[in-house]
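Student: Here are the chains, one letter per residue:
Protein chains: 2
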Amino acid sequence: MDIREIARRAKVSTATVSRAINHVPTVDPQLAKRVWKVVDELGYYPNTQARALVSGRSRIFGLIVSEITNPFFPEIVQTFENLAVENNYEILLTSTVHDPKRMESSVRRMIERRVDGVAILTFGMEDTLLDHLRFRKVPLVFVDVGPNAPGIVNIRINYLNGIRQAVQHLAALRHTRIAFISGPSNLKSAIARRAAFKTSMTEIGLPADLIIEGNHQMDGGMKALLEFNGLSNPPTAVLCSNDMTAIGVMREAYDQDIKIPNDLSVIGFDDIRLAEFTIPPLTTVQMSQMELAKIAFQALLNEVQRESPSLERSEHELTTTLVLRRSTGLAPPGRHTAKPRKGTAGSRIP
Amino acid sequence: MDIREIARRAKVSTATVSRAINHVPTVDPQLAKRVWKVVDELGYYPNTQARALVSGRSRIFGLIVSEITNPFFPEIVQTFENLAVENNYEILLTSTVHDPKRMESSVRRMIERRVDGVAILTFGMEDTLLDHLRFRKVPLVFVDVGPNAPGIVNIRINYLNGIRQAVQHLAALRHTRIAFISGPSNLKSAIARRAAFKTSMTEIGLPADLIIEGNHQMDGGMKALLEFNGLSNPPTAVLCSNDMTAIGVMREAYDQDIKIPNDLSVIGFDDIRLAEFTIPPLTTVQMSQMELAKIAFQALLNEVQRESPSLERSEHELTTTLVLRRSTGLAPPGRHTAKPRKGTAGSRIP
DNA sequence: GGGTGAAGAGAAAACGTTTTCCACCCCGGT
DNA sequence: ACCGGGGTGGAAAACGTTTTCTCTTCACCC
Chain A
24 MDIREIARRA KVSTATVSRA INHVPTVDPQ LAKRVWKVVD ELGYYPNTQA
74 RALVSGRSRI FGLIVSEITN PFFPEIVQTF ENLAVENNYE ILLTSTVHDP
124 KRMESSVRRM IERRVDGVAI LTFGMEDTLL DHLRFRKVPL VFVDVGPNAP
174 GIVNIRINYL NGIRQAVQHL AALRHTRIAF ISGPSNLKSA IARRAAFKTS
224 MTEIGLPADL IIEGNHQMDG GMKALLEFNG LSNPPTAVLC SNDMTAIGVM
274 REAYDQDIKI PNDLSVIGFD DIRLAEFTIP PLTTVQMSQM ELAKIAFQAL
324 LNEVQRESPS LERSEHELTT TLVLRRSTGL APPGRHTAKP RKGTAGSRIP
Chain B
24 MDIREIARRA KVSTATVSRA INHVPTVDPQ LAKRVWKVVD ELGYYPNTQA
74 RALVSGRSRI FGLIVSEITN PFFPEIVQTF ENLAVENNYE ILLTSTVHDP
124 KRMESSVRRM IERRVDGVAI LTFGMEDTLL DHLRFRKVPL VFVDVGPNAP
174 GIVNIRINYL NGIRQAVQHL AALRHTRIAF ISGPSNLKSA IARRAAFKTS
224 MTEIGLPADL IIEGNHQMDG GMKALLEFNG LSNPPTAVLC SNDMTAIGVM
274 REAYDQDIKI PNDLSVIGFD DIRLAEFTIP PLTTVQMSQM ELAKIAFQAL
324 LNEVQRESPS LERSEHELTT TLVLRRSTGL APPGRHTAKP RKGTAGSRIP
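These protein sequences, in sequence, are chains A and B. For any residue, its number in my numbering is found by taking its place in the first sequence, counting from 1, and adding 23. For any residue, its number in my numbering is found by taking its place in the second sequence, counting from 1, and adding 23.
Worth flagging that the hints you see were computed from the coordinates, not collected in a lab. None of the values given here were measured: they were computed from a predicted structure. Where hints are given, some of them may not hold.
Said to hold, decoys possible - Across the chosen pairs, the derived CB separations fall in these ranges:
hint: 1; chain 1: B; residue 1: Asn-45; chain 2: A; residue 2: Asp-150; range: 25 to 33 Å
hint: 2; chain 1: B; residue 1: Val-47; chain 2: A; residue 2: Asp-150; range: 29 to 37 Å
hint: 3; chain 1: A; residue 1: Ser-78; chain 2: B; residue 2: Glu-64; range: 25 to 33 Å
Stated by the list, open to error - Think about it this way: if two alpha-carbon atoms lie no more than 27 Å apart in a straight line, the pair counts; the simulated BS3-like pairs of lysine-lysine are:
hint: 4; chain 1: B; residue 1: Lys-124; chain 2: A; residue 2: Lys-60
hint: 5; chain 1: B; residue 1: Lys-211; chain 2: A; residue 2: Lys-60
hint: 6; chain 1: A; residue 1: Lys-34; chain 2: A; residue 2: Lys-60
hint: 7; chain 1: A; residue 1: Lys-160; chain 2: B; residue 2: Lys-317
hint: 8; chain 1: B; residue 1: Lys-160; chain 2: B; residue 2: Lys-317
hint: 9; chain 1: A; residue 1: Lys-124; chain 2: A; residue 2: Lys-160
hint: 10; chain 1: A; residue 1: Lys-221; chain 2: A; residue 2: Lys-246
hint: 11; chain 1: A; residue 1: Lys-124; chain 2: B; residue 2: Lys-160
hint: 12; chain 1: A; residue 1: Lys-56; chain 2: B; residue 2: Lys-124
hint: 13; chain 1: A; residue 1: Lys-160; chain 2: A; residue 2: Lys-317
hint: 14; chain 1: B; residue 1: Lys-56; chain 2: A; residue 2: Lys-124
hint: 15; chain 1: A; residue 1: Lys-282; chain 2: B; residue 2: Lys-282
hint: 16; chain 1: B; residue 1: Lys-317; chain 2: A; residue 2: Lys-124
hint: 17; chain 1: B; residue 1: Lys-221; chain 2: B; residue 2: Lys-211
hint: 18; chain 1: B; residue 1: Lys-124; chain 2: A; residue 2: Lys-317
hint: 19; chain 1: B; residue 1: Lys-246; chain 2: A; residue 2: Lys-282
Stated by the list, open to error - Far from chain A by the CB rule (all over 12 Å, computed), these chain B residues:
hint: 20; residue: Ile-99
hint: 21; residue: Thr-225
hint: 22; residue: Gly-228
hint: 23; residue: Gln-328
Cβ atoms here follow ideal geometry from the backbone N, Cα and C, with glycine treated the same way.
Throw the hints in and build the complete structure from the sequences for me.
Tutor: Set out below in structure tokens:
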């Protein structure tokens, strides 16, 4: 059942059918109605491949994430998909699992399917792959790691804002030994978070010397806490590069019978949905996944709809902010920390 | 840059280029090499739409899940994708969010993109939508809810096995008042789980009267626990229709200062990755997401590769099994429960 | 040495649309 | 009455492949 079948039955040409279906205004309403009637009767669906072939636009956006399995991403994928269906787009999702091979195959698949644009939500990309895409003039959206080139839009994350809030919150609770569990050091976003931690600490005259590299997964958090506790003077608060890590440290704390927040304060990063449901509920730095997805999609759409390639590189910013829950409290007394003057150690924050 | 460009530069016909690229054995190795050289030099990628148009096969599988945001699914999506790239397939992911409208648009999108098959991992599907797909002879894979028709493969989940183990585990720990928090009652898989709970209880002579309908989300679990505790004689153990629900009840228990497992035992269902990292680690019924994804994908592939439509409807079974962690313990003494004879109430299971 | 067959490569048709170009009709203006 | 022009719809080209069909070449056998 193709467009010709419809044309035959509606006694018009295929051109008219095409026009009717695409709501071209010049077609006679009478005819259009006749066409739609047949279309509905037969349950005709246009063949997207043929459409794409001739129009040159596939109406597919690529979405490259580093790990769909990390709860940070499904939320993004969901809103991205919502926006896609609203705009009659399809999304081609690939998850690189931090594997350069996979990254390459992702890009290849995107190009083969002739995507109209790609949002890259992962740690950068090898230049040679990038060139493949740029060569084909595929609009690209990066978060943070995009190169400084025309036609590439970058979404800058303001990590410092939220992380500074977190550090100052901890300092206000009399913590002085504040540790940081970073993400893998080949991940640019992880590096940026760590840097934000360092400057936040330095700003208020605290040493940023308690840093261990995790892996943005739960076991990384568990191992890191173990290591911190082996120290002669362990931290009383730990800030994590993402929420998964924080969940790991809370889990290890439970095993070690360290009470949170009484004995240890922990703060996460991302504010995944689950953070509200951990035990105790996790204080964390929010980086809105919905917002991020919306900005990325809209940027892609803009890029596609403008016919002339954009000259000015557009920049968007997404800020981060601390959300208080119940995993942080006053620093416990003793252990080289400044003595609290009033209030119960470990009491819940108001 | 199209196939003709390659043909011209390699001084062969487009037919030969096509054959070379597709590794048709009859092409002279000499020529093939010449073609590949040009292909690599120019970075040529065949146009998938054109390919699909003429060959009639899109090399796309549809994957319909109910909620990508539920941690049960990303795992599935990931292995599905892995298998897809291995087999040179693409996947078209849609998340219905339990909305019939979305379901319809999902199906429409699948058909428009001419998918070679669809795996439906969600609560059934309206018959009329189903007919659209069947009419077009799209191979379909369902889990549990598929109609009994030729050409449709069903993956049956053996819920009873795991749930019976869970119930008997609880009974062995002297629990007699065992509650169940079900999923939404319009969800067939939720109904099946509840039924399995009932028969498991009846089998061992326990009443299955403590059942509340949740929503397979965390807040549903929280509300349900609250409701149970309003009872004059609350349950000492609760079995949940999925892990999210269990996480909700553990969270609410934390708020109410009910200790798990000392005061209350809880068991989940699914064994999502996170279950290992809850506090305490969650005893749950495992339903392997990887296994499920593998079976589904393989079934689709089989269906596509056989040219004759399958006459026998194929059935696959996936079983479930209890995995013990630390959210269950001996029933607390008193409160109308059978008195434990030895061992400390609430002691951890070995 | 001529006929037969196989192997390899090219020409061209086909896939299902969109879009360009052209023909037609009808209207109003001169 | 004739011409110009705007609006409408059809014929056909185009998109980039795969695949069928045909042609050439060459080896082999009688």
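Student: Indicate, hint by hint, whether the structure satisfies it.
Tutor: Evaluated hints:
1. Taking the beta carbon of each, Asn-45(B) and Asp-150(A) are about 30 Å apart, inside 25 to 33 Å as hinted.
2. Between Val-47(B) and Asp-150(A) the CB atoms are about 35 Å apart, so this pair conforms to the stated range of 29 to 37 Å.
3. For Ser-78(A) and Glu-64(B), the hinted distance range of 25 to 33 Å is satisfied, since their beta carbons lie about 29 Å from each other.
4. Annotation: proposed proximity of Lys-124(B) to Lys-60(A) holds, straight-line Cα distance about 22 Å (limit 27 Å).
5. Taking the CA atoms of Lys-211(B) and Lys-60(A), the gap is near 36 Å; set against the 27 Å cutoff, the hint is violated.
6. This hinted pair checks out: Lys-34(A) and Lys-60(A) have alpha carbons roughly 12 Å apart, not beyond 27 Å.
7. Our distance criterion of 27 Å between C-alpha atoms is broken by Lys-160(A) and Lys-317(B), whose separation comes to about 36 Å.
8. Pair hint Lys-160(B) plus Lys-317(B) holds up; C-alpha atoms about 22 Å apart against a cutoff of 27 Å.
9. For the hint pairing Lys-124(A) with Lys-160(A), the CA-to-CA distance comes to about 23 Å; that is within 27 Å, so the pair holds.
10. A hinted pair counts as satisfied when its Cα atoms are at most 27 Å apart, and Lys-221(A) with Lys-246(A) qualifies at roughly 22 Å.
11. Between the alpha carbons of Lys-124(A) and Lys-160(B) the distance comes to roughly 35 Å, so the proposed pair goes past 27 Å and is violated.
12. For the hint pairing Lys-56(A) with Lys-124(B), the CA-to-CA distance comes to about 24 Å; that is within 27 Å, so the pair holds.
13. As the CA atoms of Lys-160(A) and Lys-317(A) are separated by approximately 22 Å, the hinted pair is consistent with the 27 Å bound.
14. Distance restraint check for Lys-56(B) and Lys-124(A): the Cα-Cα separation of roughly 24 Å lies within the 27 Å cut-off, and the hinted pair is therefore satisfied.
15. In summary, the hint linking Lys-282(A) to Lys-282(B) is supported, as the alpha carbons are separated by about 14 Å, within the 27 Å threshold.
16. With a C-alpha separation of about 22 Å, the suggested pair Lys-317(B) and Lys-124(A) falls inside the 27 Å cut-off, and the hint holds.
17. Annotation: proposed proximity of Lys-221(B) to Lys-211(B) holds, straight-line Cα distance about 15 Å (limit 27 Å).
18. Straight-line distance between C-alpha atoms of Lys-124(B) and Lys-317(A) comes to about 22 Å, which keeps the hinted pair within the 27 Å bound.
19. Between Lys-246(B) and Lys-282(A) the alpha-carbon distance is near 26 Å, which keeps this suggested pair within the 27 Å criterion.
20. Remark: the non-interface label on Ile-99(B) conflicts with the geometry, its nearest Cβ contact in chain A lying 10 Å away (cut-off 12 Å).
21. The Cβ of Thr-225(B) sits about 33 Å from the closest Cβ of chain A, beyond the 12 Å cut-off, so the non-interface label holds.
22. Even its closest Cβ contact with chain A, about 35 Å, leaves Gly-228(B) beyond 12 Å, as expected for a residue assigned away from the interface.
23. Against the 12 Å criterion, Gln-328(B) stays outside the reach of chain A, whose nearest CB is about 21 Å from its own CB.
Of the hints listed earlier, those the structure fails to meet are numbers 5, 7, 11 and 20, in rising order.
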